[in-house]
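Spelled out, the chains give:
There are 4 protein chains.
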Amino acid sequence: MDQPKEKVPYSLNSKKVADATKHWLQKRGVTIDEIAELVMMLQRKYYPNLTMEECVHNVEQVLSKREVQNAVLTGIQLDILAEQELLIPELQDMISNDEGLYGVDEILAFSIVNVYGSIGFTNYGYVDKLKPGVLDRLNDKSLGPCNTFLDDIVGAVAASASSRIAHRKQAEREVEIGEDVADGDK
Amino acid sequence: MDQPKEKVPYSLNSKKVADATKHWLQKRGVTIDEIAELVMMLQRKYYPNLTMEECVHNVEQVLSKREVQNAVLTGIQLDILAEQELLIPELQDMISNDEGLYGVDEILAFSIVNVYGSIGFTNYGYVDKLKPGVLDRLNDKSLGPCNTFLDDIVGAVAASASSRIAHRKQAEREVEIGEDVADGDK
Amino acid sequence: MDQPKEKVPYSLNSKKVADATKHWLQKRGVTIDEIAELVMMLQRKYYPNLTMEECVHNVEQVLSKREVQNAVLTGIQLDILAEQELLIPELQDMISNDEGLYGVDEILAFSIVNVYGSIGFTNYGYVDKLKPGVLDRLNDKSLGPCNTFLDDIVGAVAASASSRIAHRKQAEREVEIGEDVADGDK
Amino acid sequence: MDQPKEKVPYSLNSKKVADATKHWLQKRGVTIDEIAELVMMLQRKYYPNLTMEECVHNVEQVLSKREVQNAVLTGIQLDILAEQELLIPELQDMISNDEGLYGVDEILAFSIVNVYGSIGFTNYGYVDKLKPGVLDRLNDKSLGPCNTFLDDIVGAVAASASSRIAHRKQAEREVEIGEDVADGDK
Numbered sequence: 001m002d003q004p005k006e007k008v009p010y011s012l013n014s015k016k017v018a019d020a021t022k023h024w025l026q027k028r029g030v031t032i033d034e035i036a037e038l039v040m041m042l043q044r045k046y047y048p049n050l051t052m053e054e055c056v057h058n059v060e061q062v063l064s065k066r067e068v069q070n071a072v073l074t075g076i077q078l079d080i081l082a083e084q085e086l087l088i089p090e091l092q093d094m095i096s097n098d099e100g101l102y103g104v105d106e107i108l109a110f111s112i113v114n115v116y117g118s119i120g121f122t123n124y125g126y127v128d129k130l131k132p133g134v135l136d137r138l139n140d141k142s143l144g145p146c147n148t149f150l151d152d153i154v155g156a157v158a159a160s161a162s163s164r165i166a167h168r169k170q171a172e173r174e175v176e177i178g179e180d181v182a183d184g185d186k
Numbered sequence: 001m002d003q004p005k006e007k008v009p010y011s012l013n014s015k016k017v018a019d020a021t022k023h024w025l026q027k028r029g030v031t032i033d034e035i036a037e038l039v040m041m042l043q044r045k046y047y048p049n050l051t052m053e054e055c056v057h058n059v060e061q062v063l064s065k066r067e068v069q070n071a072v073l074t075g076i077q078l079d080i081l082a083e084q085e086l087l088i089p090e091l092q093d094m095i096s097n098d099e100g101l102y103g104v105d106e107i108l109a110f111s112i113v114n115v116y117g118s119i120g121f122t123n124y125g126y127v128d129k130l131k132p133g134v135l136d137r138l139n140d141k142s143l144g145p146c147n148t149f150l151d152d153i154v155g156a157v158a159a160s161a162s163s164r165i166a167h168r169k170q171a172e173r174e175v176e177i178g179e180d181v182a183d184g185d186k
Numbered sequence: 001m002d003q004p005k006e007k008v009p010y011s012l013n014s015k016k017v018a019d020a021t022k023h024w025l026q027k028r029g030v031t032i033d034e035i036a037e038l039v040m041m042l043q044r045k046y047y048p049n050l051t052m053e054e055c056v057h058n059v060e061q062v063l064s065k066r067e068v069q070n071a072v073l074t075g076i077q078l079d080i081l082a083e084q085e086l087l088i089p090e091l092q093d094m095i096s097n098d099e100g101l102y103g104v105d106e107i108l109a110f111s112i113v114n115v116y117g118s119i120g121f122t123n124y125g126y127v128d129k130l131k132p133g134v135l136d137r138l139n140d141k142s143l144g145p146c147n148t149f150l151d152d153i154v155g156a157v158a159a160s161a162s163s164r165i166a167h168r169k170q171a172e173r174e175v176e177i178g179e180d181v182a183d184g185d186k
Numbered sequence: 001m002d003q004p005k006e007k008v009p010y011s012l013n014s015k016k017v018a019d020a021t022k023h024w025l026q027k028r029g030v031t032i033d034e035i036a037e038l039v040m041m042l043q044r045k046y047y048p049n050l051t052m053e054e055c056v057h058n059v060e061q062v063l064s065k066r067e068v069q070n071a072v073l074t075g076i077q078l079d080i081l082a083e084q085e086l087l088i089p090e091l092q093d094m095i096s097n098d099e100g101l102y103g104v105d106e107i108l109a110f111s112i113v114n115v116y117g118s119i120g121f122t123n124y125g126y127v128d129k130l131k132p133g134v135l136d137r138l139n140d141k142s143l144g145p146c147n148t149f150l151d152d153i154v155g156a157v158a159a160s161a162s163s164r165i166a167h168r169k170q171a172e173r174e175v176e177i178g179e180d181v182a183d184g185d186k
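Chains as they are written, first to last, in the UniProt record's numbering: chain H, 1 to 186; chain S, 1 to 186; chain U, 1 to 186; chain E, 1 to 186.
Heads up, a few of these hints could be off.
Any copy, or any two copies together, can satisfy a pair, since identical chains are not distinguished.
When the alpha-carbon atoms are kept at most 25 Å apart in a straight line, the in silico DSS-like pairs for lysine-lysine are as follows [stated by the list, open to error]:
#  : residue 1 : residue 2
1  : 22        : 131
2  : 131       : 45
3  : 16        : 129
4  : 16        : 45
5  : 129       : 45
6  : 45        : 141
7  : 15        : 169
8  : 27        : 45
9  : 22        : 45
10 : 141       : 169
11 : 169       : 16
12 : 169       : 45
Simulated from the structure, these hints should not be mistaken for laboratory data. Computed from a predicted structure; not experimentally measured.
With the sequences and hints as input, model every part of the structure.
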């Protein structure tokens with residue numbers, strides 16, 4: 001092209017980043033419904049009337065936060081590059097083998113959980129240890145793809161959606177019992 | 001009393017917690033306007049048209065988040081108890097002297113900054129080091145009250161409001177240039 | 001007294017802070033051995049030869065870090081003041097009822113886990129959810145004392161000791177297989 | 001090759017990871033001395049007798065921690081891949097333009113600072129905002145290389161070394177004044 005690239009100044013396009021986040025989660029084999037099922041598993045004992053629809057909605061809201069999108073895209077990117085063996089050898093070894101002393105995957109996961117506050121930490125640690133549902137599949141090293149970052153990220157999105165539900169349910173409950181509800185946590 | 005206390009089961013009242021947060025900030029001598037001035041100082045070079053009204057609004061929104069309210073109330077509480085000399089002696093010494101190796105004040109501050117993502121960290125560290133405006137007064141040990149927690153908390157609220165503005169301004173800009181804006185960061 | 005208090009300038013005494021940490025853990029009914037048992041439970045599947053002696057040693061090393069001491073003392077202090085009903089009413093309610101949307105206890109716990117890096121997060125979330133051993137007793141609301149902070153803190157110390165063991169075991173293994181071991185993680 | 005790759009099981013080699021960290025910092029144009037100069041700038045007002053030798057030593061100790069090595073290698077890796085334009089387009093845009101709303105660089109930086117506790121946060125925010133010395137050069141977008149992650153990482157290593165010095169100096173002071181020093185913070 002005649003026009004040099006520099007002529008079009010960079011400008012963040014939020015919709016593109018949001019769309020890419022959904023696209024890459026799907027491309028790496030994770031559906032919103034599977035994440036919503038983790039949320040249901042974590043929350044149904046506290047809210048017996050919780051519906052899958054609500055779980056899906058809360059997962060989507062978590063995924064609409066830019067901090068979450070940044071972590072999801074960066075983590076999936078590192079998984080892909082590990083598969084392509086394009087990383088610095090020492091990093092390649094640690095990521096492709098999901099080395100226990102490499103904790104950057106958990107650091108990215110925590111940047112997701114943090115957005116909805118500290119009450120999500122426990123849920124994250126719990127699903128990350130038990131690896132129910134989709135997490136078990138993502139963590140299965142025999143299946144080919146490198147999901148060192150993705151399994152932690154999916155657990156963190158589920159934990160965050162659980163925190164979001166806890167905040168909302170409290171607000172709903174206060175409305176029902178006729179309290180003058182504060183404007184917070186919206 | 002005839003009626004035992006247990007008869008009225010505990011139920012979180014969000015409005016009361018929100019109101020207490022505002023009440024105690026004011027009682028400890030910090031106005032919303034002073035925090036908004038810190039925000040203006042941090043952000044005006046990036047957004048020359050930023051108004052004090054916007055800064056005040058963003059500070060209020062930050063203060064409406066429950067995670068923020070929890071940190072503000074807990075921090076102010078520890079300052080007050082240090083003034084009243086009601087703490088375990090070793091803790092009393094560290095808090096009333098704002099001991100450099102005691103970092104729980106900064107930990108609470110970070111739980112505030114985290115809510116609006118990692119882009120607030122830099123602003124927090126900057127105001128906490130330079131101590132402009134209200135922070136200088138809060139940090140003045142000769143004035144009597146113990147503000148070991150409060151100065152960090154006020155800096156964190158200002159840094160969070162700055163992050164919030166950065167997220168909103170980007171969304172506004174994308175609307176103006178006619179981009180189809182994503183739904184995130186709301 | 002004739003001599004005014006100001007004559008003895010404040011000077012942090014690390015030993016006193018360390019001793020107070022051990023003293024208050026014990027006074028609140030938690031022994032080092034009980035924390036070591038949590039560590040054993042978390043780590044024995046990875047290191048079948050792990051001894052209780054090693055677990056105790058690692059818990060003691062974690063408790064010798066000042067960041068950990070600060071969090072332990074501050075958390076226990078808030079539990080005690082909640083028992084004495086000396087807190088701001090809204091905070092009193094949240095802490096004495098271990099309100100789910102109050103997350104400062106988890107924030108203090110995370111400041112402990114952070115010292116040994118992100119690999120401790122998962123262990124923390126896991127024990128905090130399952131509440132094995134001592135955590136079950138601490139979390140029993142019917143027993144009287146308020147342990148809103150203490151149960152999270154004890155879980156965090158156990159998770160940190162587990163991380164510490166993981167780092168050390170790797171170093172030992174590398175020595176055994178004759179690798180020229182790096183000097184890190186000391 | 002006849003021998004399948006699986007025959008050599010993965011085994012973390014700590015020395016290799018440590019060496020790679022130093023190698024890549026140097027390759028990206030950052031010397032230990034430059035980081036030590038940042039430390040000196042941050043700490044000399046508190047410790048007038050602080051020597052460059054001590055600063056260098058403390059930077060080296062920070063770089064010997066595995067959590068730090070993981071963050072340094074991962075950050076530099078993402079900078080390199082951004083230069084090579086090998087990233088997912090949306091991530092490519094954000095990293096190569098050091099987008100203000102992309103905060104993963106700061107998240108990695110914080111995983112470094114965390115290792116020495118919360119007292120490093122303020123120093124990190126301060127140098128990250130003022131960009132003295134080497135940080136100014138790293139942040140100069142006109143010079144070619146992409147240092148979106150590296151400038152935050154270098155600031156974080158300097159802030160951590162400053163925290164480490166603060167902890168050690170306190171221990172030294174307590175020895176001098178004849179106190180029975182606790183064993184912590186070693």
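For each hint, the structure was consulted:
1. 22 with 131: Within one copy, since 22 Å is at most 25 Å while 35 Å is not.
2. 131 with 45: both (18 Å within a copy, 17 Å between copies)
3. 16 with 129: This pair counts as neither: shortest intra-copy Cα distance 33 Å, inter-copy 29 Å.
4. 16 with 45: Classified as neither: same-chain Cα gap 37 Å, cross-chain 28 Å, threshold 25 Å.
5. 129 with 45: both (19 Å within a copy, 13 Å between copies)
6. 45 with 141: Classified as between: cross-chain Cα gap 19 Å, same-chain 31 Å, threshold 25 Å.
7. 15 with 169: Only across copies: residue 15 and residue 169 sit 15 Å apart there, 29 Å inside one copy, limit 25 Å.
8. 27 with 45: Close neither inside one copy (32 Å) nor across copies (35 Å); limit 25 Å.
9. 22 with 45: Neither. Shortest intra-copy (29 Å) and inter-copy (34 Å) distances fail the 25 Å Cα cut-off.
10. 141 with 169: between (38 Å within a copy, 23 Å between copies)
11. 169 with 16: For residue 169 and residue 16, only the inter-copy Cα distance (17 Å) is at most 25 Å; the intra-copy one is 31 Å.
12. 169 with 45: within (13 Å within a copy, 38 Å between copies)
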